[in-house]
Amino acid sequence: MPVEQVSNKGAVTQVGNPRMMLYVPTSGSQNRHTAIIVLSGGGYASEQLGKEGTPAAQWLAEQGFSVFNTIYRLPAEGWTHKTVAWADAQQAVRLARSLATTYGYQRVGVMGFSAGGHIAGMIATHSQIDDRHSSIGRMNDQRDTAQSLSTRPDFVVMLYPIVSMLPPDNRSHSYKVLLSNWQTTQPNHNTKPITLHQTQAAYSVETAVTPSTPPMFIAHAIDDPIAPVAKSQTLYCKLQQAGVPSTLQLYASGGHGWGMGKANTPTQGWQQAFLDWFEALPKQ
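The sequence shown begins at 100 in our numbering and counts up by one.
Among the hints, erroneous ones may be present.
[Said to hold, decoys possible] EDC-like mimics (lysine to aspartate or glutamate), calculated; alpha carbons at most 16 Å apart, straight line: (1) Lys-361 - Glu-305; (2) Lys-382 - Asp-253; (3) Lys-275 - Glu-378; (4) Lys-337 - Glu-305.
These are computed hints drawn from the structure, not numbers from a lab.
All figures in this text were calculated on a predicted structure; none of them were measured in a lab.
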């Protein structure tokens, strides 16, 4: 197992022990009876907990949410399956559901930043991801009791997300990690070869939107140099066409990686926009 590394800015690498860190609603806050799994970004090569996951978890707890700040395995670090991060996120949803009675919440949402947004979108739209290899919860009995529970989030928050692996503009670091070494495969003699285009589509959020896709909140700066805003716009159009409750917050400036909001840019407004959107969701 690799020895986990944490930089002085809180970036995590060499993840061998995926896990969830619980934040309960802050004393005195309005309990929203909702859990949110937080997934930091980092291009599938690191996890930026210092500027994304941890401050987001702290803020959400102050707003009355139960929060699971989740550290997932990174496909850039040599795991056999490129989908290990998605598997860990699905298992996190299951475990959060198994703890709902203990911590007093009814809904489980997922919030993801950048590549974490891609993970959130993938588990919301691709229920067939194989998560048997996830080790989250393996050290206790919670994993076994959670296996029958749904991995579908009740809502998803995607902040400056990587949305699609399809061209054009699909050369993000996330793409390089997931698909740069891709080769045409022949699964067995009874099936056709899987092409690069088919794999790109399968690794894209917008290609699998259906009317049953959970509600989505998307926020993106139009000057983002890493995650093309056009991909978020395409996803939003697909959600609207499918009748999925969704919103797309577009900001004139802010770039990429703004976490809780970049100073002196409109991205500082995403937190209130999210709370307003969340409050307007149908109650379960």
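These are the hints, each one checked on the structure:
Taking the CA atoms of Lys-361 and Glu-305, the gap is about 27 Å. The hint is violated against a cut of 16 Å. A hinted pair counts as satisfied when its Cα atoms are at most 16 Å apart, and Lys-382 with Asp-253 qualifies at roughly 11 Å. For the proposed pair Lys-275 and Glu-378, the alpha carbon gap of about 37 Å is over 16 Å, so the pair is violated. Pair hint Lys-337 plus Glu-305 holds up; C-alpha atoms about 7 Å apart against a cutoff of 16 Å.
Hint check: violations occur at hints 1, 3; the rest are consistent with the structure.
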